[in-house]
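Chemist: The residues making up each chain are set out below.
Protein chains: 2
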Amino acid sequence: MNNYKLILAYDGTPYHGWQMQDNAITIQQCLSDAIERIFGEKCTIYGSSRTDKGVHAEGFCCNFRSEKDRDCEKIAYGLNAVLPESICVLECHKVGEDFNARFDARGKQYTYKIWNSRRRNPFLLDKALHHPVPIDAQMLNEQAKDYIGTHDFSAFCAAGGTTVSNVRTIFDCSVERQGDMVIFKVKGDGFLYNMVRIMVGTLLDINSGKIQKGSIPEIIESRSRLSAGITAKAHGLYLSEVYY
Amino acid sequence: MNNYKLILAYDGTPYHGWQMQDNAITIQQCLSDAIERIFGEKCTIYGSSRTDKGVHAEGFCCNFRSEKDRDCEKIAYGLNAVLPESICVLECHKVGEDFNARFDARGKQYTYKIWNSRRRNPFLLDKALHHPVPIDAQMLNEQAKDYIGTHDFSAFCAAGGTTVSNVRTIFDCSVERQGDMVIFKVKGDGFLYNMVRIMVGTLLDINSGKIQKGSIPEIIESRSRLSAGITAKAHGLYLSEVYY
Numbered sequence: 001m002n003n004y005k006l007i008l009a010y011d012g013t014p015y016h017g018w019q020m021q022d023n024a025i026t027i028q029q030c031l032s033d034a035i036e037r038i039f040g041e042k043c044t045i046y047g048s049s050r051t052d053k054g055v056h057a058e059g060f061c062c063n064f065r066s067e068k069d070r071d072c073e074k075i076a077y078g079l080n081a082v083l084p085e086s087i088c089v090l091e092c093h094k095v096g097e098d099f100n101a102r103f104d105a106r107g108k109q110y111t112y113k114i115w116n117s118r119r120r121n122p123f124l125l126d127k128a129l130h131h132p133v134p135i136d137a138q139m140l141n142e143q144a145k146d147y148i149g150t151h152d153f154s155a156f157c158a159a160g161g162t163t164v165s166n167v168r169t170i171f172d173c174s175v176e177r178q179g180d181m182v183i184f185k186v187k188g189d190g191f192l193y194n195m196v197r198i199m200v201g202t203l204l205d206i207n208s209g210k211i212q213k214g215s216i217p218e219i220i221e222s223r224s225r226l227s228a229g230i231t232a233k234a235h236g237l238y239l240s241e242v243y244y
Numbered sequence: 001m002n003n004y005k006l007i008l009a010y011d012g013t014p015y016h017g018w019q020m021q022d023n024a025i026t027i028q029q030c031l032s033d034a035i036e037r038i039f040g041e042k043c044t045i046y047g048s049s050r051t052d053k054g055v056h057a058e059g060f061c062c063n064f065r066s067e068k069d070r071d072c073e074k075i076a077y078g079l080n081a082v083l084p085e086s087i088c089v090l091e092c093h094k095v096g097e098d099f100n101a102r103f104d105a106r107g108k109q110y111t112y113k114i115w116n117s118r119r120r121n122p123f124l125l126d127k128a129l130h131h132p133v134p135i136d137a138q139m140l141n142e143q144a145k146d147y148i149g150t151h152d153f154s155a156f157c158a159a160g161g162t163t164v165s166n167v168r169t170i171f172d173c174s175v176e177r178q179g180d181m182v183i184f185k186v187k188g189d190g191f192l193y194n195m196v197r198i199m200v201g202t203l204l205d206i207n208s209g210k211i212q213k214g215s216i217p218e219i220i221e222s223r224s225r226l227s228a229g230i231t232a233k234a235h236g237l238y239l240s241e242v243y244y
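Chains V and A, in that order, are what the protein sequence lines are. Heads up, the first sequence is in the working numbering, so the first residue is 1 and it goes up one at a time. Heads up, the second sequence is in the working numbering, so the first residue is 1 and it goes up one at a time.
The following block holds chain V by itself, in its conformation from the complex:
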């Protein structure tokens, strides 16, 4: 049995997230249809994570198995020829038969992009959050360091999360300005439902003064969603990389 690992980039705007659903177009559905066309058979696809409606990916990872032994570059080329243009297979690799993109993931990196200018950017409408109020990126970078470590992140989990434990380890977290763009990056062993978007929303609330500087440790400790900030919109969020 061949086990193929794919790395995908996609613009999440036109999709109802990664996961297959009845009556809605999803990335997994499009990829499943494309694999069926190329391989001539239905294959189950295992995704590293679920991304929500409107969330993008620069390096989503998934795998599927098939008896058919094909050249990896030809698979990538063939899938890209039949996939919608907003989804692209960046890489295809053969991996060990036991590899599972979801259960073997050791960590993930997410990026959140904020267009921080008085004026909107017509080229980034669905690709970055437009935040017209000035952001003190250096200050938020210092605040973001309080996310690093192993914590119970219940305060940063939206209702609807289904995990047994809310303890996660954040390896690194930063906020950086590049011109009018403010870029939030976070790397961790796993993330709760809406966790990254609430982390970003909390930083924006600290920027506006709605939440006090230095209070991230006590928000974490509270384990209460009510003490954290808003949930930043989906369209600024990118799943950037999955580590194995």
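You can't tell identical chains apart in this list, so a pair holds if it fits in one copy or across any two.
With a straight-line Cα cutoff of 30 Å, these simulated DSSO-like cross-link-like pairs (lysine-lysine) come out:
{"hint": "1", "residue 1": "LYS113", "residue 2": "LYS74"}
{"hint": "2", "residue 1": "LYS213", "residue 2": "LYS233"}
{"hint": "3", "residue 1": "LYS145", "residue 2": "LYS53"}
{"hint": "4", "residue 1": "LYS187", "residue 2": "LYS145"}
{"hint": "5", "residue 1": "LYS127", "residue 2": "LYS233"}
For the record, the hints were derived by calculation from the structure and aren't laboratory data.
Given the structure of chain V, go ahead and fit chain A onto it with the hints provided.
Modeler: Relative to chain V, chain A alone:
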């Protein structure tokens, strides 16, 4: 009489170019409607240039006159509130009554973006040309220097151009690689119909070997459209700045 100068950014994808037309949505039409809503009167808009269907702008310039004396920041804010999101007023300034965005322009800078990777970029589908074959940006940068100077650019003018003289001065021209993106920039006192796109297409034909290295001077001298290269697609082109 007040004369207002606007600097615009727009994503040209959904529009049939700048210039007003019957039965087609154009940027000028959208701006005209927005000004009418904000000023309560129809105003004639003078654009620095016409951009074609699908061409973008990072710094398009235009002006319009009105008896009504309004605060410039409020005009920009008001127009942005009623314009489609894909068009943004970046700046609004009061200028002398005689200023005309078209006739007073002393030069323009265009940018052409090429996504030069085997794989398409789902985030740049209508924003950059996807060219999967490797580009030697350093070589093309040397070739592009041959465009600089005052020349008859008839070989770089599509049929349908209506100018009296085809002599233009190119002040600067360069090709630069930034990761997988190859960026062509050209600054000149004016440009013929499709001139920038043919300049880029000719460089791509030099890259592929279809046109010989070092032949730009003789292509210019030929004054024949047939000796130049292809017309690169509209969606990689940006009007970046207009100089007065």
